[in-house]
Amino acid sequence: MMGRGLRACINKEGLLLWRDPHALVLLFLMPAAFILIMSLALQEQFRAGEGLTHFVWVEDLDESEGSRKLLAYIDAHDSFRISDEEPGDNTFRLRIAPGFGASLDDDNARPAVYLTPGVPASFDGQREQLFLGALREALGRARIEIFTARVAPDFDLDLATVDDGLEVRYLYQRDEDDVAPSAVQQNVPAWLVFGAFFIAIPLSTTIIRERELGMDRRLRTTPVFQASILLGKLLPYFVLNQMQVIVMLAVGIYAVPALGGEALQMSGVHSGAMAVMAAAISLAALGYALLIAVICRTTEQATLLGGTGNILLAALGGIMVPKFIMPPALQAVAEVSPMAWGLDGLLAALLHGADIAGVSAFAATLASFGGIAILLAWLIQRQRQV
Amino acid sequence: MNSPRPRKHDMASTPPLVQVEGLTHRYPGAGVDALRAVDFRVAEGEVHGLLGPNGAGKSTLLAILTGTLRPDRGQVRVDGLDPRHGRRLRGISAIVPQEYAFYPALSGRENLAFFGGVYGLPRRLYRERLAWCTDICQLGEVLERPARVYSGGLKRRLNLAIALLNRPRILYLDEPTVGIDAHSRQTILGAIRTLREQGTTMIYTSHYMEEVEAICDSLTVINAGQVIASGTLEQMLGRLGITRLYLELSGAADKQAQQALATWQAQWQAPDKVVLEAADSSDIVRILQALAQHGLSARRLRYGISRLEAVYMQLLEDTEAS
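First to last, the sequence lines map onto chains A and B. 95 is the number of the first residue of the first sequence in my numbering; add one for each residue after it. 169 is the number of the first residue of the second sequence in my numbering; add one for each residue after it.
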């Protein structure tokens, strides 16, 4: 009986899901779109934190020894490269005015360069200041070289190889895990967790609709086990969550680079750890959905609570704004969101190659949340049925 | 599969399949009892009508009988078992709820397949039952269509077919013909008659008195959660001690004609309209003969169709008055 009843419940739920295109769009297209948009839009922002190289497109109207030296020093800088390619959004455009080389050797002249046609609006002030600093450093070195050549022509000076004499010592021990993710590494797991929790809407509304139709009362008059009804409802959504994980990873691996972004790297990622995290996230999402289903009386209430609840959990949990850029107080608050536990676990697997033991704490927390939520939902429902 | 239907005169001696004693229930937060000290019995093979106005407690009673609601006090036994703890009982019973309790997005066949699985029917038995219940409910031609596009009548028939799939020994029907067309109503009543002949015990709630009178062996009338009358159909109809005949005459009756009809406790509503008490068909023949002797005939005659309704209304009026 358990077998037949359970099979019938699973088949029925699968058919209902398959015939609900809105739910499938919500569960697959929405997180996929978020991954694509956010990974591409925030690519540069994330790169800035890891020492992004900017390109400099040059219009050299002077073509003197001095201008060539200036450009050589800019090119030698860690953060800037001279590029011949058509300037893009991430490129500084530099025009060297005629007479620039001569002015370097003239103590009374001020060499002029132009950022033209202007620094792109997308560049922040810090990067502009960094570029101006690099420009001044290059100008200074070019001047010294020209001055030295004038006063001591036989002296072989190559400032590019001169040690700047600065030794940097870090006063803190950098944590091995303290690695900022790239845009795609942050956004794939983030929106994957967000999408997984969105099953709260279709699952809770299905349960409420059954209650409105009188299906739950009718089913309680049949010999089927209550456990079969519950499992028959949860298992298809669990499978759906696992399919979401596969699809979202595929979006990160294939679709994001196809649109010009950075690909999600899966080499070195422990598949067992990913599977454990995917299962734990799903369990938490299922529990959350069941709680909404028993708390809400109508499908409208469930849609509202499920939607806004998800957005709040996502905002808190570092889905929309990465936790590492939140102020410390907010980072502490983020720890209450199950989405944060899911995201941290996935980041541990994706960024640091954590194995099953490495993600077990995150998975256990999520599973406990899911288990408690399911138990609470069952108790509330039982209380209502007497 | 089912035992043959016991003859009516055997029912009194048959041990009750459903026994309800002192049943009392009040919903949390409610000011009054939904049911108060309700007693009744239903014998195996009997069709028992449960009558009462909206809010009388019929659905609460069915919820308790089917084990989905726990009563505050009293005892319910169905086939000797407490419905709340009788998984075996759920295997031999089924309910046709007032709501369309199936999935609109699934086809009729998919809904029936789901319930076949829920009832635990093996594949072969399911196919047999599917053929039987779709035939009896005349659903064959629409089985592949999504249930959401069914008419109200087809939805009621699918609701019944789902319950029949379990081939129940006891079937609870909660207003199974409400709001549907005449064809679907006749189909459902035909199915119920077939089940009645096959000995299925049924507890039937409806507001259509002629339906209840046509198919029920016994009745319980409840009002405001209390049983106000209970007994066989004959006992209930005999409560008024009369059987009323409504006559519209071909013309106005004169004094002699009115005196001739006085034997049947005539109540004149107009010179050509009278209500008489006719115990049986021979009384009706005598009344028509008496009219003919005074040059009158019946232009319209109404007898028996709403006899139960008259009894029912009288019972409710008496309760209100007391």
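Derived by calculation from the structure, the hints in this document are not laboratory data. All C-beta atoms, glycine included, are put in the ideal place defined by N, C-alpha and C. Treat the hints with care, as some may be off.
Unchecked claim - Which stretches of chain B does chain A cover? Using the computed rule of at least three CB atoms under 8 angstroms from a CB of chain A, they are:
1) 234-240
2) 261-267
3) 273-281
Going through the hints against the structure:
Coverage of a stretch by a chain is defined here by at least three residues with a beta carbon nearer than 8 angstroms to that chain's beta carbons; for the stretch 234-240 of chain B and chain A the count is 5, and the condition holds. Closer than 8 angstroms: that is the beta-carbon criterion, and the stretch 261-267 of chain B has 6 residues meeting it against chain A, so the requirement of 3 holds. Counting residues of the stretch 273-281 of chain B whose CB falls under 8 angstroms from any CB of chain A gives 4; the rule of at least 3 is met.
Of the hints listed earlier, there is not a single one the structure fails to meet.
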